[in-house]
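Q: Given the structure of chain A, go ahead and fit chains B and C onto it with the hints provided.
Chains as they are written, first to last, in the numbering used here: chain A, 1 to 294; chain B, 295 to 728; chain C, 729 to 1026.
To be clear, the hints were calculated from the coordinates, so they are not data collected in a lab. No experiment lies behind these values; they were computed from the predicted model shown. Don't take each hint at face value.
Pairs of lysine-lysine residues, derived as DSS-like cross-links and limited to a Cα-Cα distance of at most 30 Å, are as follows [said to hold, decoys possible]:
1) B:Lys-627 - A:Lys-147
2) C:Lys-833 - A:Lys-210
3) C:Lys-1024 - A:Lys-285
4) B:Lys-627 - B:Lys-414
5) B:Lys-527 - B:Lys-675
6) B:Lys-604 - B:Lys-414
7) B:Lys-533 - C:Lys-802
8) B:Lys-631 - B:Lys-359
9) C:Lys-875 - B:Lys-533
10) B:Lys-359 - A:Lys-147
11) A:Lys-281 - C:Lys-831
12) C:Lys-833 - A:Lys-285
13) C:Lys-831 - A:Lys-210
14) C:Lys-891 - B:Lys-533
15) C:Lys-833 - A:Lys-281
16) C:Lys-831 - A:Lys-285
17) B:Lys-675 - B:Lys-462
18) A:Lys-210 - C:Lys-1024
19) A:Lys-147 - B:Lys-379
20) B:Lys-462 - B:Lys-604
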Amino acid sequence: MKTNNGSSRAYSITSILILIILAILFLFPLYWILTGALKTPAAINSAVPQWWPQEFTLRNFEVLFSKRSAPLFEIGSLTGPIIPGAIRWLINTVFMAVLAMLLTCITASLAGYALAKKRFAGRVILFSLIVAAMALPKQVILIPLIKEMSALGLYDNLWAVILPTVGWPFGVFLMKQFAESIPGEMLEAARIDGAGELRTFITVVYPMIKPGVGALAIFTFISSWNDYFLQLIMLTSSSNLTISLGIATMQAENSTDYGLIMAGAALAAVPIIIVFLIFQKYFTKGITMGAVKG
Amino acid sequence: MKKIISLLLALCLVVSMASVVMAADAPEGASEITLWTYPIGNWGNEATVKELTDAFTAETGIAVKVEYLTYADGDDKVNTAITAKQAPDLIMEGPERLVSNWGANGYMVDIADLFEEEDKAEINPAALAACFAPDGAAYEYPLVMTAHCMAINYNAFVEAGADQYIDKETHTWTSEQFLAAVNALYETFGDPIGAIYCNGQGGDQGTRALVNNLCGGSFTNPEHTAYTWDDEKNIQALKILYDLNGIDYDASIVGGDEIANFYNGIFKMAFCWNIAQQLNPNSADTGAGLTLNGDEIVFMAFPSEDGVAKLQGGIWGFGIFDNGDAGKIEAAKTFIKYMCDSEHTADAVRASNFFAVRGTTEGIDISGIWSDNEIMNEYTKLMPMLGDYYQVTTNWAAARTAWWNMLQQVGAGDGSEEAIAAAVADFCAQANGQ
Amino acid sequence: MDKTLSPKLRRQENISGYLFLLPSLVFFLAFVVYPMVMCIWTSFTDANMNSNTADHFIFLDNYIELWKDPVFLKALVNTLIIVFVSVPIVCIFSLWVASVIHKMKEGPLSFFRIVFYLPVVTGSVAVTVVWKWMYNNYYGIFNYVLKSTGVIDKNINWLGDSKFALWCIIIILLTTSVGQPIVLYVSALSNVDHSLVEASQVDGATNTQVFWRICWPQIMPTTLYILVITTINSFQCFALIQLLTSGGPNYATETVMYYIYYTAFKLYRFGYGNAMGVILAIFIAILSAVQFRLAKEK
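Just chain A, same shape as in the assembly (with noise of 0.2 Å):
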């Protein structure tokens, strides 16, 4: 018993080591790239890397900004003042990933509690049919997807990448897991009351999956903001662009310049970022919440 707790001493000691070390791997590109930005084009091109930029420069953020340069915003014919691109990017990546998440969230509780609940002719065959498309990469489908969402006159537009990420069945699979779990008796309960469908939905079955609408909210928030190739595919005009699309294009340039790759790099991770830990907490609990259930 007594070597078993020394050796398991030594092992836990190393496994911290090691972790530590392995914390530090895991946030050097995250500081590569926040220094990056900082950096002169000089420190930046160096045979031998600054572990610290020596000269700060803002420099590469004055390019980002006033490289492209976008209006506000466009609502019919109404234009907003023109603002750096950059920044309208953001705007734009917020603007695509919040609706995505509401947009998902609304449809796939209501969806997973029917699959869950409800025993309507056609529910298996359904079922089947989301688990089978919940892993699809969207590459499948790149060509029929872009023809149809410029026959819908959305092509180059948020929409287009906004739907189809709604429609993408991971969401109400989860949310499927999670109403499993509500007791049968008290929708028996709810409907002897004489509530109506919507009412014991709203009443009973919302309270029960709100954990779950929580995670899958975290969930397409990410997904959708990292969802790079739909993105690519549809958005085209430098005023629809997201974040992503901007780092990227920045990259393709005839010219690579890694200090202002970096400055949009940084721009496009802060931000979400600072959200992550300021909800750290819930992210975790919805995380753990969606497994649990699923």
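A: Chains B and C only, in chain A's frame:
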């Protein structure tokens, strides 16, 4: 608090829904056209282009919405937009895209009617010919042209004693001198001296020109009907480059990265160069003909056996996508006339940092617009070496893709003549559509 | 339950079920099912970019060609390598990390959780571009560190060398995949029934035995869920390929997902690209079915 947030979100939703509906209803006439440009000199620079288009709008009342493409992913973007039937009205690039790709695939408007007899006489014959498809339709109206070349870091050459191998006066060297120079540089600086970049198609004209010139190989037949880069001289050149110390096949970078590496002093020579780069290296605004730390950049013709290279031409101008809207096509034609054939042409040419394809427009002499620019004058020494404009050969888009894939395979192989010959044969057949 | 319902109730159940489903179903049918059907249809034609020629129905020709296309086969193999290498590594790595940190105090625990989750929230493009810089052949940090510590004596062209490129991509994929599994395992491990653990320790079981006999069965559902999400995730590595290697060098990092895009917009062969999509979809459907069968059995 919660209520306010949800209220805001709901409002957001309604407004955005409305914006979709309204955007769809917005009246679209010939009052606005869209233009997509590749980074052709300062035609990739928002401030410069805005000045030009604002002047155009002031005169004609036609607004121009400009989008800026990059060479790395611009083609994909245009192709996506074509698939979505949302191609721009106007596009600025060269015949290899406008004529032999999008034109041949039936997406462009025939603008042969824009070429009056007078224009045909004024425009450089080679540039003019390249804008027409074999069936006589014109898919590009040319604005500027140049010869693509390479560049060397002169300070590094002097330091390594390699400056003896170049003729700084005529900007030429033979293949033998080139190899001697690379060896001298390698002995002084070690890896890397330069790179055969082949991550993608960006700047691929440079690698083609290097390989074709080194041993005198060809890329296509003179009739532009088939790709002939499987000839032995090219295989020989690829082999020489494979064995050459200091120059590697680098599948992790494209032309743009190469320029940046050259500008930053990492490479001592660049194969992706032209006059616009010479005037403003790496588009960094740190002085013409200078690297980041102030080394002198000398532009050079590609090395060849007799020292007289066949340089790749670049011809840039405008084409019109057929979006089925006669009003927009008319407006786009007005734009082309304004930029390429009017008293404003001089400004449009200046913005590109290249040479005009014609000496006069509508009777105005524009041949002298660069006369006060020494670098431009110096560069005209290269122009007589302008070779065959073969980028209009059928199946061009697939052929250039096959080219860099071939370079990757050569670079990944063992460098034996058989391996190189196999890669070349394989991809050349692909380019020929077999 | 079905049998206890009266016909009237059953009809009501049907109608309300469909009504609840309707909003989601509209999106699902319009933006997933319909394009998929179109994809299958187009895969039997020679549709391409050329607007001058009509599409021809060529039935299975695309599929036959696929099995003779060395690039497609290579892409398929690479895709399988990515999935079958990254999924187990993610599971094992995150289980190990979780097993070390789940006993920690709240402070360090959430620190490590955040650190491993950061690459996920940083965003795929931002992460990709910084790695591209770090991998750079000439002034990347990896070559510098390895060279100055004497591990290598000549710069390695990480993304330009077909021996390394795919592994470089997998490493980035791993760093962006372990965040969520670690969070999940931490919570699963802290929910393991401790009385059982203590009981078996009293019986003299070693730590390893305790883990396999007591903990492993209890965290099995979590493991299955992680398998599912990690598999989905490893099919989403398009941005990495497009921004870093474009499938090169010499097709070393070509995946089916990228090759579909490449076929469509570089080779202009829509029909052929769609045939690839169909094969990929079938393949993924089988994979999901297997995973769900496993989940059911537990």
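Q: Quick one, are Lys-462 (chain B) and Lys-604 (chain B) close enough, alpha carbons at most 30 Å?
A: Holds, because 18 Å separates the two Cα atoms, which is no more than 30 Å.
Q: Hinted pair, alpha-carbon criterion (30 Å max): Lys-833 (chain C), Lys-210 (chain A). Please report holds or violated.
A: Within the cut-off at roughly 28 Å; holds.
Q: Does Lys-285 (chain A) sit within 30 Å of Lys-1024 (chain C), going by the straight-line distance between their CA atoms?
A: Distance of about 25 Å is within 30 Å: holds.
Q: Starting from Lys-627 (chain B), check that the Cα of Lys-414 (chain B) is at most 30 Å away, please.
A: Between Lys-627 (chain B) and Lys-414 (chain B) the Cα gap is close to 17 Å, so the pair holds against 30 Å.
Q: Holds or violated: are the alpha carbons of Lys-210 (chain A) and Lys-1024 (chain C) at most 30 Å from each other?
A: holds (25 Å)
Q: Does the alpha-carbon distance linking Lys-675 (chain B) and Lys-462 (chain B) stay inside the 30 Å limit?
A: holds (11 Å)
Q: Does Lys-533 (chain B) lie within 30 Å of Lys-875 (chain C) when you go C-alpha to C-alpha?
A: holds (29 Å)
Q: Given the hinted pair Lys-604 (chain B) and Lys-414 (chain B), is their alpha-carbon gap at most 30 Å?
A: holds (25 Å)
Q: For the pair supplied as a hint, Lys-831 (chain C) and Lys-285 (chain A), is the alpha-carbon distance within the 30 Å limit?
A: This hinted pair holds, its Cα atoms lying about 17 Å apart.
Q: Check the hint pairing Lys-891 (chain C) with Lys-533 (chain B) against an upper bound of 30 Å on the C-alpha distance.
A: holds (21 Å)
Q: Could you grab the alpha-carbon distance between Lys-831 (chain C) and Lys-210 (chain A) and see if it respects the 30 Å cut-off?
A: The given pair, whose Cα atoms are some 29 Å apart, holds under the 30 Å limit.
Q: Assess, step by step, whether the Cα of Lys-359 (chain B) is no farther than 30 Å from the Cα of Lys-147 (chain A), and give holds or violated.
A: Roughly 23 Å between the alpha carbons, so the hint for Lys-359 (chain B) and Lys-147 (chain A) holds.
Consistency note: the structure conflicts with none of the earlier hints.
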